[in-house]
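The primary structure of each chain is shown beneath.
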Amino acid sequence: AQTVTQSQPEMSVQEAETVTLSCTYDTSESNYYLFWYKQPPSRQMILVIRQEAYKQQNATENRFSVNFQKAAKSFSLKISDSQLGDTAMYFCAFTQNSGNTPLVFGKGTRLSVIA
Amino acid sequence: GAVVSQHPSRVICKSGTSVKIECRSLDFQATTMFWYRQFPKKSLMLMATSNEGSKATYEQGVEKDKFLINHASLTLSTLTVTSAHPEDSSFYICSAIRTSGRVEQYFGPGTRLTVT
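Those protein sequence lines, which keep their order, are chains W and Y.
Take 1 as the starting number for the first sequence in our numbering and just add one per residue.
Take 1 as the starting number for the second sequence in our numbering and just add one per residue.
Hint data in this document are derived by calculation from the structure and do not stem from the laboratory.
Please note that a few of the clues may not be correct.
Some but not every residue of chain Y turned toward chain W, in silico, with C-beta under 8 Å [to be verified]:
id, residue
1, 11
2, 39
3, 43
4, 44
5, 93
6, 97
7, 105
8, 110
9, 115
Glycine is no exception: its CB is placed at the ideal position from the N, C-alpha and C atoms.
Given these sequences and hints, build the entire structure.
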């Protein structure tokens, strides 16, 4: 069974600074997808970034980028120029194959951006 | 982006009654939808996979007779919590898979169920 581990229950960062959230996973699959989701106080799940395992290039979305280390099964999220609106729970998630399978979530990291 | 709605957003019901939660994909067809449950300050746990036109697949430990799932059309899945008890109080989130173009999973806004 696949597992996703987020070892940082809580983190804080000063506004405009950079923060990195950690995620490791365990799978025997060779093809899979990894995601970072943001859950603000509204509790709506918002996709931040996705990475296909077969792509070596790290995904980026504006201020968000990942460091995908397939051999190490590591998938960290870097948030640059942190903004107050980035305050939320962040979940790392995994799904196998083509992506039409359920997501396996980590326990989440609560990020607070401080003014 | 694609939109998934849930109704109601909040519901309070008395112990012993049943409550139905709807999950709709508004601008795409979804042959597969998932139901997750989230306890306060916890992560999302998969309850079941809902497939259009067939029986739902439940995760281990989830009572299929208590959490009835019906996926009657390509845009609607319903979760009915039968004979609800206070321990069923939780946040229920659905997601729908869009398979046209890039496969993507879209989440509904969630339903907060409180059983008194």
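Taking each numbered hint in turn, which are not upheld by the structure, reported in ascending numerical order? Violated: hints 1, 2 and 9.
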